[in-house]
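Just so you know, the protein sequences line up as chains A and B, in that order.
Residues in the first sequence are numbered from 1 upward in steps of one, following the numbering used here.
Residues in the second sequence are numbered from 135 upward in steps of one, following the numbering used here.
Treat the hints with care, as some may be off.
Subject to a maximum C-alpha distance of 25 Å in a straight line, what follows is the list of computed DMTMM-like cross-link-like pairs (lysine to aspartate or glutamate) [claimed, not checked]:
id	chain 1	residue 1	chain 2	residue 2
1	B	Lys-223	B	Glu-177
2	A	Lys-42	B	Glu-177
3	B	Lys-223	B	Glu-191
4	A	Lys-90	A	Glu-121
5	A	Lys-65	B	Glu-177
6	A	Lys-42	B	Glu-168
7	A	Lys-65	A	Glu-80
8	A	Lys-90	A	Glu-117
9	A	Lys-90	A	Glu-80
10	A	Lys-90	A	Glu-67
11	B	Lys-223	B	Glu-193
12	A	Lys-90	B	Glu-177
Hints were generated in silico from the structure; no laboratory data involved.
Here's the letter readout for the chains.
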Amino acid sequence: MMISLRCEYDAFREGRDGTVMIHLRLFGRCRIYHDPVSPVLKAPAQVGWDAWFRTIDLVTPQPLKGEELLRRTRGWWTVEPNDVAEVVRKYGRLVVGSGGELLVELPDREAAESLAEAFRERFGDQVQLANTVP
Amino acid sequence: MPTDDTDNWGRDPQVRMMRRVFSHMETLQSRLIERVGISPFDERLGRWRRAALGMFEREWVEVSRRGGPPAEEDLSRVYVECFIEILAKDGISLPDDDLSAVRI
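Bound-form chain B, shown alone (with noise of 0.2 Å):
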């Protein structure tokens, strides 16, 4: 965790809430990578992650407008489906006892 003894931002609720929500995602993120057994240095990473992005901010707003905001676990929850199919499209793809372990 940053050493910042002055985090005035860490007061907001909201602040923090997102710092759960991307600490989540990154933690998705990795895991996933892992099971799939790439190097994090692999060159294919960026181009995955800016297109999980473009289908999860696409995803977020189709979420919001259905049920309103959606709950923190169901943020991070969307991105990790999102950063599967991406994957799924490039030919990768996990047998299921990985997707499972992966979506906890």
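Next up, chain A with everything else stripped away, as it sits in the complex (with noise of 0.2 Å):
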């Protein structure tokens, strides 16, 4: 072996309650090419409003959940996002990451290893975890 295994799990953030969770990326199989993708929130969505009595200006952003940004996977990956959302909810929660990106958090390591393995069991190839890009 060439390196250490050192950065193996270097994806650690605090999670909600302050408690160190170990982050990764979600990636499925786009259904076009069946190369691994994942979808990032670039800007959040921007609601208005209209009324029957008044105009109303008021324009809010809307950032996405991280199960929001992945039902938005549905036709262009080649599973059914919410069977995806299923397996997750088991071993972690999805979240979307200061980039956008769309990350499962789970609290060790032993549970991202079951999740990957519930994710062979369930999806073969076509549902990965990958490391967070910084």
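Put the complex together from the two separate chains, hints included.
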């Protein structure tokens, strides 16, 4: 072996309650080319309002939550996103990274490996976890 | 393989070719990562993939300019050479025997 394994799980981030969690990116396969692809939220949705009795100029940016971003892969991935979310929920939760990446937040290494194995069993090689990109 | 019964894209020869290219790239990359002996979750992989992609896209343009559209097998070969070069820049080198196995 040429290098050490010290960086194996460097993708640690603080979770919602301040505990250290593992963040890994979630990749599915492109329905067209079958290569691994992952959605990135480039800008929040801009939500405006129409009303019956008044004009509302307000436009509010709405960031998507992890599962909402995952659902946007429907028709782009080879697998059904709700099925993926169902598997993820058993081991961790879906979040959106600071750069808009779709991430799975997991409590520890065992959960990451169990989820990877659950993906293999359910979807073959169609869904994969990978390290985050700096 | 996907279980999509309505794989109309798969009828397009260009799409089929790119599927083969990406699949071969993935196989070579997995083989390389395995030979290097790191976890698929290693944090550095993202940086390496991004750098290799940038180098590959520049090389692709260069190869196309020199001799027309590159052959399928050239694309994956060029990609894995870029990946090997990126690893080398980070001080990770493989013995020649391992490199030969990866390039097959």
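Hints versus structure:
1. For a cut-off of 25 Å, the pair hint linking Lys-223(B) to Glu-177(B) stands: about 16 Å separates their Cα positions.
2. In summary, the hint linking Lys-42(A) to Glu-177(B) is supported, as the alpha carbons are separated by about 22 Å, within the 25 Å threshold.
3. Taken as a hint, the Lys-223(B) and Glu-191(B) pair is honoured in the structure, with Cα atoms around 18 Å apart against an allowance of 25 Å.
4. At roughly 14 Å between alpha-carbon atoms, Lys-90(A) and Glu-121(A) fall within 25 Å of each other, so this suggested pair holds.
5. Distance hint between Lys-65(A) and Glu-177(B) is fulfilled; the C-alpha atoms sit about 24 Å from each other, no more than 25 Å.
6. Our distance criterion of 25 Å between C-alpha atoms is broken by Lys-42(A) and Glu-168(B), whose separation comes to about 33 Å.
7. Between the alpha carbons of Lys-65(A) and Glu-80(A) the distance comes to roughly 18 Å, so the proposed pair stays at or under 25 Å and holds.
8. Under the criterion of a C-alpha separation no larger than 25 Å, the hint pairing Lys-90(A) with Glu-117(A) is consistent with the structure, at around 12 Å.
9. Annotation: proposed proximity of Lys-90(A) to Glu-80(A) holds, straight-line Cα distance about 17 Å (limit 25 Å).
10. With a CA separation close to 14 Å, the supplied pair Lys-90(A) and Glu-67(A) stays within the 25 Å bound.
11. At roughly 17 Å between alpha-carbon atoms, Lys-223(B) and Glu-193(B) fall within 25 Å of each other, so this suggested pair holds.
12. Restraint check for Lys-90(A) and Glu-177(B): satisfied, since their Cα atoms lie roughly 24 Å apart, inside the 25 Å limit.
Of the numbered hints stated above, the single one contradicted by the structure is hint 6.
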